[in-house]
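For the record, the sequence lines run as chains A and B.
Mapping the first sequence onto my numbering, position 148 (from 1) lands on 148, and the numbers just tick up by one.
Mapping the second sequence onto my numbering, position 361 (from 1) lands on 771, and the numbers just tick up by one.
Derived from the structure by calculation, the hints contain no laboratory data.
There is no bait here: all hints are sound.
Distance windows between CB atoms, simulated:
1) Lys-465/B / Arg-354/A: 53 to 63 Å
2) Gly-462/B / Phe-242/A: 40 to 50 Å
3) Glu-323/A / Ala-466/B: 48 to 58 Å
4) Arg-32/A / Gly-551/B: 27 to 37 Å
Backbone N, C-alpha and C define an ideal beta-carbon position, used for all residues, glycine too.
Number of protein chains: 2
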Amino acid sequence: MALIVQKYGGTSVGSPERIESVAEKVIDWRERGHQLVVVVSAMSGETDRLIGLAKAITPRPTPRELDVLLATGEQVTIALLCIALEKRGCPARSYTGGQVRILTDNAFNKARIQDIQADAMRADLDAGRVVVVAGFQGVDGDGNITTLGRGGSDTTGVALAAALKADECQIYTDVDGVYTTDPRIVSDARRLNRITFEEMLEMASLGSKVLQIRSVEFAGKHNVPLRVLSTFQEGPGTLITFEEALAVESMEKEQISGIAFNRDEAKLTVSGVPDRPGIAFSILGPVSQANIEVDMIVQNIGHDGTTDFTFTVHRNDYERTLEILKDHAARLGAREVSGDNRIAKLSLVGIGMRSHAGVASKMFEALGKEGINIRMISTSEIKISVVVDEKYLELGVRTLHEVFELEKSV
Amino acid sequence: MALIVQKYGGTSVGSPERIESVAEKVIDWRERGHQLVVVVSAMSGETDRLIGLAKAITPRPTPRELDVLLATGEQVTIALLCIALEKRGCPARSYTGGQVRILTDNAFNKARIQDIQADAMRADLDAGRVVVVAGFQGVDGDGNITTLGRGGSDTTGVALAAALKADECQIYTDVDGVYTTDPRIVSDARRLNRITFEEMLEMASLGSKVLQIRSVEFAGKHNVPLRVLSTFQEGPGTLITFEEALAVESMEKEQISGIAFNRDEAKLTVSGVPDRPGIAFSILGPVSQANIEVDMIVQNIGHDGTTDFTFTVHRNDYERTLEILKDHAARLGAREVSGDNRIAKLSLVGIGMRSHAGVASKMFEALGKEGINIRMISTSEIKISVVVDEKYLELGVRTLHEVFELEKSV
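Next up, chain A with everything else stripped away, as it sits in the complex (with noise of 0.2 Å):
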């Protein structure tokens, strides 16, 4: 008997029939004699409509109060779940996030986790009941409501395996795991069964959106395996665990995991500056206090007394980030400004590149054979990132998904 905690995400239970199916897979669980924590999200277009509501009165609703609106989405959900399993002469209970009770800081609309009960929910399980929980919100110490903003639920569902030592939290989605690309540009992309939660972390940062990155750090860092799985239709999903687990498993770990990209991206390149220390902060401090985050920085290196500058933004930042650019270019002494927001970034990503040399130029032969000119490189432990022209995109990303033979399970 082991204690699962199950998260569905808002397609999962978008309509009073997809609950019911929701209802019927949990107690497909049970029956196979397992202990059941469900967490689940508003019904999809929920949260929107509520939103809509609020918007309708102003642009700036106040905090606290779009909190004490916005959980009520989540406990709808609750509520009909337990409707639907107690239907069906399984015994449920629901919880919203201040009955649990999970405490948060007062940071509305983005509170962090900080503390959870898990007294009631053991009873609870110990009684044989299927403990429902509302996703995405909390209570501060002063009993207000708050929620936890975008990936909420993930982050719920994660927090709660960790205080209740459970044997694995499984996320529902609408995709049955995580793959080696993204199967619209490459047919054979392979599900992977098991991938560390570093590989995941640089994968779901680099564009491939299966998990909100901070309930995969939060799993991580409270050693709670995850396991992404599809509503819609049976498998095995994948299983977000970490490298001594995979290590024993499996001697022999593929070099690669995946392939992620990300087309949201733009590049900005400052030439000519002279190359001095503290450069870097002059270009990038007057960014950073615009609020435009950076992703890839590349520094080519001096000559002449001078050197080139170049970093990435979101593509939506660009234009503004040349404005603040050109607005400094005098003072940095550059001799120009310039950009390109028709890039894309394509990244390997795996914890065996760590111990296989010849990774990147394996990587970078193969792009130059097909004539793809590479504009950035910046490279961490376990994955290579390279910057090229988007309409290099999909190539790229088939091509290195051959040469890898990702399509290949190991």
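Dock chain B against the given chain A, drawing on the hints supplied.
For chain B alone, kept in the frame of chain A given last:
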């Protein structure tokens, strides 16, 4: 400076625009120097929408979970009203029933309020905030969400007014007060400035559905002055208060406050039953066992050792009651069981009639002059009810309104 509890129903808060109007009304009262606690219902249609979701799963949802579901309706409204208040620079804070906390028993779907913790609300009021509370809901001793059943938001308003010792509880609705009778029947029906709790109870239970009877009882019991006003038009409404308060202000209290009526009843007669002790119970026992509520009961004087027994039930229960009586007719030794579901009940209501003889005879004379046959009569200290053929309802109401000069203010 007075402490005022205001309650706005579903129609009054039926859209973001209407919620903004309510905010302006609240701010208007606050600017006159009053402290405000505002109780709101779910937006009109929302409770039905939520019930529809549950019923799509099962016709008999778990009572506990139905309350979790329905409580979201009012939670949405408190958030939106606070957002509208704060947008206008008026500090406000929302409270769910559980946050107040409004402690109830654990009778889900029809819980009764047991206690209210007013400390947090008082602190907010003292800090100059408007307090906005979700009507219709509370929390039981174990922290489960409960709802109060039909008309529960009115009850919340009155209970908060009692707990806070408010100077007045104002119930905003879509009518501008309590009338001498239905203006759709008598065009010069007059709004009453004041009415006693006792009269109001008779008016409400007899069909002038302005306030839920339960909240009127509650207000009377806890000495809370209650005022009914319109959300949509200006005016003083009707104050429901104590006889003593009335006596001081208007020495010459009008005899009759109003004329209530009800066409939802049907009458049944068991004729020629043996006139012996216990016969009333023999007849009504099986009816009440079938959970059918009986309203008026009249037993005529016996002759030849037999008597006729007549009573009224809700028209929906007519067929079933007739069946039950026929099943028992032989056992009772009745000569005949008969009934009529084309009847109407008219009632004169007024504290004043206690000290004025001749009200009843004046009433009977007026109806007789118009050729309206009286089929049943029943009286209490402050009302006289008669049953007439349904077709005479409007004529009867207009006749009595005119004879007792209810269009004239005393």
